[in-house]
Amino acid sequence: MARKIVYGLYNSEEALKSAIIEAQRKHLEIDDVYTPFPVHGLDALLGLEESRLHIAGFVYGLIGFLVAFLGMSWINTVDWPIIFGGKPYWSVPAYVPIMFECTVLFSAVGMTVTFYVVSGMGPGVKNPILHPRITDDKFCIAFDAEDVSESDAMAFFKATGADETGIKIIGKNE
Amino acid sequence: MKTYTMTSKEKNVLWLLMGIGIVSLILSYVLDDMPGKPRFWSNFLLNTLFFTGISVLALFFLGASLVAYGGWIAVFKRVLEALSLQIRIGIALFAIIVAGIYLDWHHLYLWAEEHIVKTDKIIKGKSGFLNPVVYTIATFGILGLWYYLAWSIRKLSLREDAEGSFGDFRFARKQMAFGAAAVALIGYLSTIAVWQWLMSLDPHWYSTLFVWYNGASWFVAMASLVTLIILYLRGRGYLCYFKADHLHDLGKYIFAISIFWTYLWFSQYMLIWYGNIGEETIYFKTRLNEYPILFYLNLLINFVIPFLVLMPNTTKRMKGTMWFIALLLLFGHWLDMYLMVKPGVLHAVHELGGMSHGGDGGHGSSHFVAGFTFPGLIEIGVFLGFLGLFLYGTLRELSKASLYPVHDPYLEESIHHHVV
Numbered sequence: 714m715a716r717k718i719v720y721g722l723y724n725s726e727e728a729l730k731s732a733i734i735e736a737q738r739k740h741l742e743i744d745d746v747y748t749p750f751p752v753h754g755l756d757a758l759l760g761l762e763e764s765r766l767h768i769a770g771f772v773y774g775l776i777g778f779l780v781a782f783l784g785m786s787w788i789n790t791v792d793w794p795i796i797f798g799g800k801p802y803w804s805v806p807a808y809v810p811i812m813f814e815c816t817v818l819f820s821a822v823g824m825t826v827t828f829y830v831v832s833g834m835g836p837g838v839k840n841p842i843l844h845p846r847i848t849d850d851k852f853c854i855a856f857d858a859e860d861v862s863e864s865d866a867m868a869f870f871k872a873t874g875a876d877e878t879g880i881k882i883i884g885k886n887e
Numbered sequence: 010m011k012t013y014t015m016t017s018k019e020k021n022v023l024w025l026l027m028g029i030g031i032v033s034l035i036l037s038y039v040l041d042d043m044p045g046k047p048r049f050w051s052n053f054l055l056n057t058l059f060f061t062g063i064s065v066l067a068l069f070f071l072g073a074s075l076v077a078y079g080g081w082i083a084v085f086k087r088v089l090e091a092l093s094l095q096i097r098i099g100i101a102l103f104a105i106i107v108a109g110i111y112l113d114w115h116h117l118y119l120w121a122e123e124h125i126v127k128t129d130k131i132i133k134g135k136s137g138f139l140n141p142v143v144y145t146i147a148t149f150g151i152l153g154l155w156y157y158l159a160w161s162i163r164k165l166s167l168r169e170d171a172e173g174s175f176g177d178f179r180f181a182r183k184q185m186a187f188g189a190a191a192v193a194l195i196g197y198l199s200t201i202a203v204w205q206w207l208m209s210l211d212p213h214w215y216s217t218l219f220v221w222y223n224g225a226s227w228f229v230a231m232a233s234l235v236t237l238i239i240l241y242l243r244g245r246g247y248l249c250y251f252k253a254d255h256l257h258d259l260g261k262y263i264f265a266i267s268i269f270w271t272y273l274w275f276s277q278y279m280l281i282w283y284g285n286i287g288e289e290t291i292y293f294k295t296r297l298n299e300y301p302i303l304f305y306l307n308l309l310i311n312f313v314i315p316f317l318v319l320m321p322n323t324t325k326r327m328k329g330t331m332w333f334i335a336l337l338l339l340f341g342h343w344l345d346m347y348l349m350v351k352p353g354v355l356h357a358v359h360e361l362g363g364m365s366h367g368g369d370g371g372h373g374s375s376h377f378v379a380g381f382t383f384p385g386l387i388e389i390g391v392f393l394g395f396l397g398l399f400l401y402g403t404l405r406e407l408s409k410a411s412l413y414p415v416h417d418p419y420l421e422e423s424i425h426h427h428v429v
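Order-wise, the sequence lines are chains E and R. Take the position in the first sequence, starting the count at 1, then add 713; the result is the number in this note's numbering. Take the position in the second sequence, starting the count at 1, then add 9; the result is the number in this note's numbering.
It should be emphasised that the hints constitute simulated quantities derived from the structure, not laboratory data. Any given hint could turn out to be false.
Claimed, not checked - Label-pair distances were calculated between CB atoms; the ranges are:
| id | chain 1 | residue 1 | chain 2 | residue 2 | range |
| --- | --- | --- | --- | --- | --- |
| 1 | R | Tyr241 | E | Asp744 | 44 to 52 Å |
| 2 | R | Trp24 | E | Ala728 | 38 to 46 Å |
| 3 | R | Ala171 | E | Val772 | 49 to 57 Å |
All C-beta atoms in this analysis are idealised placements derived from N, C-alpha and C, irrespective of residue type, glycine included.
With the hints as constraints, model all of the structure from the sequences given.
Okay, structure coming up:
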């Protein structure tokens, strides 16, 4: 699925923010915004929803917690009961550190994997870069040519004082 | 509204709270039939410790934020300053406890009883540190030093208001130096203070983690009380620069330190449980056998509930939730301190032969002792009284100066504080 992206580069986050406001005023649908560092207030400006990744993290953590707790309970009481230091078979205080570790491990690994899958990242995936300077000092607004026509986008970039503009086809089988 | 004034209604409510406290103290004195009035004195010590610790931790939080360039606190810095100055109430209250040791008013501390020190080998071995003289010097010296630091920071902050100007860092730097001193001196000296005031209630027992655990408890209680004061003032129309973002960060503090508290609580518990050495396990055996409800309630209130409630992003930004959590945790950590104070005091009563039954603490089985086994109305009343006293001091101090440090170089940053 190839997509034609029309993008413009701005010099500062202030210019970027005012351009976004201008685009919204003109009802131009922004495909995405790229910045070299997190810009405060950008999420609210673009109306982005809060990520649901942490809900996944909670569920993974809960799974890890239960795996450790139920697993150790089963091993120490049913499967292979051994007396350690005169303690009862089912000694919950001794499980707590492992329950904690498994909670952290499951939620961390689970969230990482989820994030990679959701973002379409993984081994062998090539990441299309609109412009190398987005990772350095330029702030980018990108339009999908299907939503906003090329001429509209270019006129908008010119009007809002974009430093540089360009067109790139991304997502084709390279 | 830049300056806060106490309304007569507020004053009346706080006087009422203090009245309840005094009535409860008198009741606990009159109703206490045990020799040495342990119920009265343990209530007095418990609340003195709890609220003095909150003031000290307010100074610690203020100092740590100053040192770390924590500019975000500037909009509510005056609340921390005012609360930290209440160490002086703590000094006055501790003066009564210290006087009681010399004048034999109370028998809270076994190591202060001469005949016990003579016969008890362990206490005798510790008597170089646990004795009335060191107790007196440590209490007044350490509290006095902390109060001096709180007073200096406050004075510099007020001078900054009067003499400073926009972008003037002179006073901020000096405050930072005092803040650094406060962090270091509270960090080191609190160990001595807490050993003397609190851990020595169980003089045979010791735990190297105890002070941290206790300090974390105070920290959560302090953050909760500060949140309550701010939300109250916010509700009355003051502190309008205090936004959801500040509340969010305070919520993070409460959340994080609650987990830290649990970590320390559990580290202390598990090592003792695992090691299974009689003289160490007795501490938890007493609490588990004779205070089972409080023991588990403590963990439920102070860990499970804040952990689950404060975990999502949104709850920390909601005033209602924060009211609820702050009130709950203030009371929860009071219960935690209740569990640190009361069993030791009751044990001392048994040891001094004040009660025919029980013997030595651990074997005392689970019979109900009013004011010890479970906090009664009198205990709650004393708590409310001390709360009223410390709130009165704090609000009175708040009304003496502008609610905003107008020339604080970080004020602008704090007003634009933004999280998420």
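Consistency of the hints with the structure:
Look at tyrosine 241 of chain R against aspartate 744 of chain E: about 47 Å separates their beta carbons, and that is inside 44 to 52 Å. Between tryptophan 24 of chain R and alanine 728 of chain E the beta carbons are some 59 Å apart, a value that contradicts the proposed interval 38 to 46 Å. Range check, alanine 171 of chain R to valine 772 of chain E: about 55 Å between beta-carbon atoms, so the 49 to 57 Å window is met.
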